[in-house]
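Asks: These protein sequences, in sequence, are chains A and B.
Under our numbering, the first residue of the first sequence carries the number 1, and numbering increases by one thereafter.
Under our numbering, the first residue of the second sequence carries the number 295, and numbering increases by one thereafter.
I should point out that these hints are in silico values taken from the structure, not numbers from a laboratory.
All C-beta atoms in this analysis are idealised placements derived from N, C-alpha and C, irrespective of residue type, glycine included.
Where hints are given, some of them may not hold.
To be verified - Keeping only pairs whose Cα atoms sit at most 16 Å apart, straight-line, the calculated EDC-like set for lysine to aspartate or glutamate is:
#1 64/A <-> 189/A
#2 64/A <-> 149/A
#3 94/A <-> 303/B
#4 64/A <-> 54/A
#5 193/A <-> 303/B
#6 94/A <-> 184/A
Said to hold, decoys possible - Here are the simulated distance ranges between beta carbons:
#7 198/A <-> 353/B: 22 to 28 Å
#8 24/A <-> 364/B: 38 to 44 Å
#9 232/A <-> 356/B: 27 to 33 Å
#10 100/A <-> 364/B: 39 to 45 Å
#11 137/A <-> 351/B: 21 to 27 Å
As the list claims (entries may be wrong) - Facing chain A, according to a computed beta carbon distance under 7 Å, are these residues of chain B, among others:
#12 327
#13 421
#14 512
#15 531
#16 549
Read off the chains here:
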Amino acid sequence: MYENRRLGLLFVLPFLLGVLLFKLFPFVMSFALSFTQYDLMEPPVFVGLDNYREMLADDPLFRKSLGVTLLFTFLAVPLRVGFALFIAHVLNFKLRGINFFRSAFYLPSILGGSIAVAVLWRFIFARNGLVNIALMKLGFEPVLWLADEHYSIWTIVLLFTWQFGSSMVIFLAALQNVPATLYEAAECDGASKWQQFFRITVPLITPVIFFNVIMQMVHAFQEFNGPYMITEGGPLHSTYVLALYIYDQSFRFFNLGYGAALSWVLFALVAGLSALSFWSSRYWVFYAGEKDNK
Amino acid sequence: MSPAPSYAERAATLWRYTALLAVAVLMLYPLAWLVGATFKSNAEIFTSVGIWPSRLDFGAYAKGWKTSTEFTFATYFLNSFAIVVPRIIVTVISCVLVAYAFARFEFWGKKTLFAVMVGTMMLPLIILRLPQYLMFREFGWLDTYAPLIVPSAFATDTFFVFMLVQFLRGIPRDMEEAAQIDGCNALQMLWHIIVPLLKPAIIAVVVFQFIWTMNDFMGPLIYLSTVENYPVSLALKMSIGATEEVEWANVIAISVVSLIPSVAVFFMAQRYFIEGAASSGIKG
Numbered sequence: 001m002y003e004n005r006r007l008g009l010l011f012v013l014p015f016l017l018g019v020l021l022f023k024l025f026p027f028v029m030s031f032a033l034s035f036t037q038y039d040l041m042e043p044p045v046f047v048g049l050d051n052y053r054e055m056l057a058d059d060p061l062f063r064k065s066l067g068v069t070l071l072f073t074f075l076a077v078p079l080r081v082g083f084a085l086f087i088a089h090v091l092n093f094k095l096r097g098i099n100f101f102r103s104a105f106y107l108p109s110i111l112g113g114s115i116a117v118a119v120l121w122r123f124i125f126a127r128n129g130l131v132n133i134a135l136m137k138l139g140f141e142p143v144l145w146l147a148d149e150h151y152s153i154w155t156i157v158l159l160f161t162w163q164f165g166s167s168m169v170i171f172l173a174a175l176q177n178v179p180a181t182l183y184e185a186a187e188c189d190g191a192s193k194w195q196q197f198f199r200i201t202v203p204l205i206t207p208v209i210f211f212n213v214i215m216q217m218v219h220a221f222q223e224f225n226g227p228y229m230i231t232e233g234g235p236l237h238s239t240y241v242l243a244l245y246i247y248d249q250s251f252r253f254f255n256l257g258y259g260a261a262l263s264w265v266l267f268a269l270v271a272g273l274s275a276l277s278f279w280s281s282r283y284w285v286f287y288a289g290e291k292d293n294k
Numbered sequence: 295m296s297p298a299p300s301y302a303e304r305a306a307t308l309w310r311y312t313a314l315l316a317v318a319v320l321m322l323y324p325l326a327w328l329v330g331a332t333f334k335s336n337a338e339i340f341t342s343v344g345i346w347p348s349r350l351d352f353g354a355y356a357k358g359w360k361t362s363t364e365f366t367f368a369t370y371f372l373n374s375f376a377i378v379v380p381r382i383i384v385t386v387i388s389c390v391l392v393a394y395a396f397a398r399f400e401f402w403g404k405k406t407l408f409a410v411m412v413g414t415m416m417l418p419l420i421i422l423r424l425p426q427y428l429m430f431r432e433f434g435w436l437d438t439y440a441p442l443i444v445p446s447a448f449a450t451d452t453f454f455v456f457m458l459v460q461f462l463r464g465i466p467r468d469m470e471e472a473a474q475i476d477g478c479n480a481l482q483m484l485w486h487i488i489v490p491l492l493k494p495a496i497i498a499v500v501v502f503q504f505i506w507t508m509n510d511f512m513g514p515l516i517y518l519s520t521v522e523n524y525p526v527s528l529a530l531k532m533s534i535g536a537t538e539e540v541e542w543a544n545v546i547a548i549s550v551v552s553l554i555p556s557v558a559v560f561f562m563a564q565r566y567f568i569e570g571a572a573s574s575g576i577k578g
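Input sequences plus hints: build the corresponding full structure.
Replies: Following this line, the structure appears as structure tokens:
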């Protein structure tokens with residue numbers, strides 16, 4: 001029965017239609033739109049490469065936004081993945097209460113994407129918010145997290161880092177697959193716990209690190225709720241990430257062609273960085289023995 | 295086998311617990327403090343780092359629930375559920391079917407289609423928003439819940455398909471082969487064997503879809519324009535945007551309430567879906 005081709009095709013049909021209608025068609029359409037000028041009122045006008053030219057030549061806001069997006073990604077992704085790996089490593093020592101900690105660390109991951117948490121975050125980092133009260137109690141100067149362009153990015157970076165739980169559980173599963181015999185051998189040879197971590201654990205789970213970095217990068221480039229709700233892109237556009245700029249151009253100013261062009265730049269960025277990671281993975285990702293090591 | 299723990303080992307264990315506890319406190323303190331803050335007066339909120347309020351006043355909850363609009367949060371919660379429930383149902387049905395096809399059948403173009411599926415998981419959604427908006431506008435679906443539900447009926451949440459496929463691949467086919475010999479057809483097999491085996495993974499799908507749809511903000515923001523149709527996420531945004539002089543306790547109180555369904559679902563089903571998240575990787 002498994003060889004029944006028609007039946008398999010029938011079951012997969014919803015997906016085939018869905019991917020064509022809701023993924024591929026919009027994908028191609030957005031590419032086409034990026035060469036037009038379109039405001040929903042008049043029909044789209046073909047303008048060639050004008051949108052891209054304008055972006056590169058005279059749109060300082062695009063350059064600012066691109067810089068903010070890259071800064072955010074390069075701060076937030078290593079912090080989230082690093083934290084996730086560190087905590088997963090500590091949890092992997094057979095400690096009692098691991099389930100409690102695992103849930104506690106995972107909880108922010110599922111709540112973090114909500115508007116409620118963004119509202120709460122905005123409040124925690126307000127001028128008189130929890131963070132500043134705590135800083136003052138400890139004898140530090142309060143920081144204008146939401147009003148000072150040098151610090152504002154940290155509010156959204158910290159929100160992103162705070163949600164390290166999903167990466168953590170993936171690391172935890174990977175760590176539990178590292179054969180215990182390797183550690184025992186290292187122990188005999190007198191390797192310290194830190195040496196074991198960097199010489200055995202990290203090399204063996206590089207595929208998982210690689211996977212997490214890529215997926216989190218894709219997420220980070222699209223971060224929207226945090227900057228939209230907490231800092232509203234400000235102050236002085238210091239948190240005006242590309243996702244926000246795309247949203248504004250597309251759905252607030254109705255420059256649909258320009259919005260589409262911006263989103264294609266974001267896509268090129270994600271695809272380019274992913275490709276770069278794949279290429280570089282030859283040098284640092286280590287696949288153990290057999291190809292299929294589930 | 296193992297000897298009694300040495301002094302060094304006990305010290306290491308102590309250090310690990312300290313580190314874990316410190317991080318847990320650091321991560322959960324803001325949440326706990328915010329729950330405490332909902333009972334406090336504005337003056338107390340802005341001066342105290344403690345969790346326990348000096349009084350227990352549910353006024354903020356009552357005021358937050360009422361909102362400054364003509365609707366209460368009861369309306370917004372019902373709206374959210376009107377999106378979440380149908381979406382979960384169509385997601386489970388379509389994703390199980392498609393995962394069944396990928397994991398257990400051979401068909402023309404399977405490899406390519408599977409690659410497309412994995413590829414779309416990495417496709418930034420934001421690039422699709424604008425054309426999808428134009429499409430749904432043509433369909434006359436704007437300001438309805440259709441754009442938020444219908445695509446899910448076509449297994450477009452490919453993360454779930456992938457998760458289910460991975461799960462199915464780990465299940466031996468013995469039972470299915472036995473059932474086949476007994477004369478089960480493909481649909482009977484799906485219903486009587488695959489679905490029961492997939493139960494933990496299906497629970498994971500339900501929980502993730504519940505929480506993500508409750509959290510979803512950009513979708514409703516783009517497609518819905520009438521306040522009457524707003525789900526909780528949009529209503530929350532409105533409550534903070536309405537005035538500059540924000541009644542913080544009210545806003546926080548209602549934010550805390552809005553998280554209750556997700557937190558409840560999380561704790562009810564966590565053992566299923568944390569496993570699910572770990573086995574297939576991704577998202578969050």
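Asks: If a hint holds in the structure, say so; if it doesn't, say that too.
Replies: Hint-by-hint comparison with the structure:
| no. | hint | in the structure |
| --- | --- | --- |
| 1 | 64/A <-> 189/A | 53 Å, violated |
| 2 | 64/A <-> 149/A | 13 Å, holds |
| 3 | 94/A <-> 303/B | 12 Å, holds |
| 4 | 64/A <-> 54/A | 14 Å, holds |
| 5 | 193/A <-> 303/B | 11 Å, holds |
| 6 | 94/A <-> 184/A | 15 Å, holds |
| 7 | 198/A <-> 353/B: 22 to 28 Å | 54 Å, violated |
| 8 | 24/A <-> 364/B: 38 to 44 Å | 42 Å, holds |
| 9 | 232/A <-> 356/B: 27 to 33 Å | 29 Å, holds |
| 10 | 100/A <-> 364/B: 39 to 45 Å | 44 Å, holds |
| 11 | 137/A <-> 351/B: 21 to 27 Å | 25 Å, holds |
| 12 | 327 | 6 Å, holds |
| 13 | 421 | 4 Å, holds |
| 14 | 512 | 6 Å, holds |
| 15 | 531 | 6 Å, holds |
| 16 | 549 | 4 Å, holds |
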